[in-house]
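Protein chains in written order, with the numbering used here: chain Z, 1 to 299; chain G, 1 to 299.
Just so you know, the hints here were simulated from the structure itself, not pulled from any lab data.
Do not rely on the hints blindly, as some may be mistaken.
If chains are identical, the list can't say which one is meant, so a pair holds when it fits in one copy or spans any two.
[As the list claims (entries may be wrong)] Using 30 Å as the maximum straight-line C-alpha spacing, the simulated BS3-like pairs for lysine-lysine come out as follows:
id, residue 1, residue 2
1, Lys246, Lys71
2, Lys159, Lys280
3, Lys71, Lys61
4, Lys83, Lys137
5, Lys159, Lys71
6, Lys295, Lys188
7, Lys55, Lys137
8, Lys76, Lys55
9, Lys253, Lys23
10, Lys280, Lys188
11, Lys295, Lys76
12, Lys153, Lys137
13, Lys188, Lys55
14, Lys253, Lys202
15, Lys23, Lys295
16, Lys291, Lys83
17, Lys253, Lys55
18, Lys71, Lys295
19, Lys83, Lys280
20, Lys188, Lys61
21, Lys61, Lys295
22, Lys83, Lys202
23, Lys202, Lys295
24, Lys246, Lys295
2 protein chains.
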Amino acid sequence: MSLVIVGSVAFDTIRTPWGDREKIVGGSGTYCSLAASYFTRPRIVGVVGRDFPRKTLALLKSRGVDLEGLKVMAGKTFHWEGKYEEDPNRRTTLRTELNVFADFRPEIPARYRGSRIVYLANLNPEHHDYVLGQFRKPALVAMDTIRLWIDTKRDALLKELGRVDIFFANDEEARLITGETNLISAGKALVGLGPSLVLLKKGEHGALVFGRDFVFGVLAHPCEHVIDPTGAGDSFAGGFLGFLDKTSGLAGKDIRRAVVYGSVMASFAIEDFGIGRFLKLDRGLVEARFKQFRKLTTF
Amino acid sequence: MSLVIVGSVAFDTIRTPWGDREKIVGGSGTYCSLAASYFTRPRIVGVVGRDFPRKTLALLKSRGVDLEGLKVMAGKTFHWEGKYEEDPNRRTTLRTELNVFADFRPEIPARYRGSRIVYLANLNPEHHDYVLGQFRKPALVAMDTIRLWIDTKRDALLKELGRVDIFFANDEEARLITGETNLISAGKALVGLGPSLVLLKKGEHGALVFGRDFVFGVLAHPCEHVIDPTGAGDSFAGGFLGFLDKTSGLAGKDIRRAVVYGSVMASFAIEDFGIGRFLKLDRGLVEARFKQFRKLTTF
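Work out the full structure: start from the sequences and follow the hints.
See below:
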């Protein structure tokens, strides 16, 4: 069992039609490792400033997250500010203060280098080489990306797609990368670019998974009150990869269950601001929701 | 086994980014009865002009559709013209020539009046009374509607929602009727207006079903090349109601399977212009696709 998550640990300022929150804890690495912590003991690689709350570090530790790879540097923590509309799939970035994240070159602790699964959350694709070069021979390399890299680092991104095993994308990203409007075509085109598995996240409409000769889909948990969609995608990745790390299988049935656990964790993430929902979550609730997914879709 | 479908039998002129078709056979009653014919022997109530092709009537008959309720009147058949964009969920009506449909007052043949299931496809809700008054005591009354009636006959529509058992709506209609943006809230609000079952059609994202203490969902069949989305919703209703008529059960498991059969029939409808796909479809292909749905969603 060894999953390394390379991603941001940050402050988020969130504006929604239902309320605002100033500088609460967020970041892809935070969401992903918290979600994964219900299945495995994830290792996180990232950086925070000295302003980052110790009690959040203690919380992550208490959830079994390995923090050896999380650097604390002089300076301020990465800060993102975003705004959501009524339709939670639409969001606007209002501010990005990279702070200590600006010069971040992920150093992988020696103890992490033999890890089985490596997840590159929202890293600049030009830095993948540097990060992956520090690992021995991971069984699985997974990556997500953000609109910024699609717009500004397209060639590097396409090159990285050619060498990762698993790629997470939302519908907008999938369309932008492939130029395909139809989501099924976009998913298949992404598989054609390299990854053996593409996870296409559709927000309130669930997720589709494409492999060579493999299609699987899951609905979203029916949620009436999305409080804060931030981190849903990272929590999805955390549930998915955390479960895969735990089962250590990669058969179709493992992938299917991992996708559902990913959806389960995403469905929790959006029920409160920031990481709030994970503070009141235990494995029993995770299993109960997994069963609800079964009930929702079984015929 | 007795399902009566009251709806339009029409000519459609279809414009899509992939091609056009002039005055091909369409209409809610046509799609619905063809889709239902793979499960039961549906009875159709509608009207066509003398310009309607005899060979289509012969085709419906050969599929086991009971045509006693389909009037042939002097004059021209209802003609609709519509245009689809790249996103097949967006369509614009370019022309509506009601012709013989303008004065259509559905007369239910004596033989149909004891039918078990009645489906009012896209009827003016002010005419429901007249139609339903001719039936003895149907076990199930189902209805669909169109944007036109939501905009122009809102009160009558709300009144009808209070007395039908099953309501079919697409996402736009559900939002317009309830004023809810969130689709789960919209679905639940519709159940609150009367129907014991609400089927919310989401096009490429599948369908959700709401009852009192019941939620079920199905993904759409992954389709890369939507040729013509016309009739998908009516084919969904036909598969759903046709299967329910055949099983004669109304338990949760019957509803779930009916929803999947509805999705199966809708997935075929969009693979060709007009009713083209149904001309080359047999029960074996229907069952094979039902199994594909299982494979797509089982975990």
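These are the hints, each one checked on the structure:
no.: 1; hint: Lys246 with Lys71; in the structure: within (26 Å within a copy, 65 Å between copies)
no.: 2; hint: Lys159 with Lys280; in the structure: neither (40 Å within a copy, 44 Å between copies)
no.: 3; hint: Lys71 with Lys61; in the structure: within (14 Å within a copy, 74 Å between copies)
no.: 4; hint: Lys83 with Lys137; in the structure: neither (40 Å within a copy, 53 Å between copies)
no.: 5; hint: Lys159 with Lys71; in the structure: within (28 Å within a copy, 63 Å between copies)
no.: 6; hint: Lys295 with Lys188; in the structure: both (29 Å within a copy, 18 Å between copies)
no.: 7; hint: Lys55 with Lys137; in the structure: neither (34 Å within a copy, 66 Å between copies)
no.: 8; hint: Lys76 with Lys55; in the structure: within (17 Å within a copy, 76 Å between copies)
no.: 9; hint: Lys253 with Lys23; in the structure: neither (40 Å within a copy, 47 Å between copies)
no.: 10; hint: Lys280 with Lys188; in the structure: between (38 Å within a copy, 27 Å between copies)
no.: 11; hint: Lys295 with Lys76; in the structure: neither (46 Å within a copy, 49 Å between copies)
no.: 12; hint: Lys153 with Lys137; in the structure: within (26 Å within a copy, 66 Å between copies)
no.: 13; hint: Lys188 with Lys55; in the structure: neither (43 Å within a copy, 40 Å between copies)
no.: 14; hint: Lys253 with Lys202; in the structure: both (21 Å within a copy, 27 Å between copies)
no.: 15; hint: Lys23 with Lys295; in the structure: neither (38 Å within a copy, 44 Å between copies)
no.: 16; hint: Lys291 with Lys83; in the structure: neither (33 Å within a copy, 42 Å between copies)
no.: 17; hint: Lys253 with Lys55; in the structure: neither (38 Å within a copy, 48 Å between copies)
no.: 18; hint: Lys71 with Lys295; in the structure: neither (43 Å within a copy, 45 Å between copies)
no.: 19; hint: Lys83 with Lys280; in the structure: within (25 Å within a copy, 50 Å between copies)
no.: 20; hint: Lys188 with Lys61; in the structure: neither (39 Å within a copy, 41 Å between copies)
no.: 21; hint: Lys61 with Lys295; in the structure: neither (34 Å within a copy, 39 Å between copies)
no.: 22; hint: Lys83 with Lys202; in the structure: both (19 Å within a copy, 26 Å between copies)
no.: 23; hint: Lys202 with Lys295; in the structure: both (20 Å within a copy, 20 Å between copies)
no.: 24; hint: Lys246 with Lys295; in the structure: both (24 Å within a copy, 24 Å between copies)
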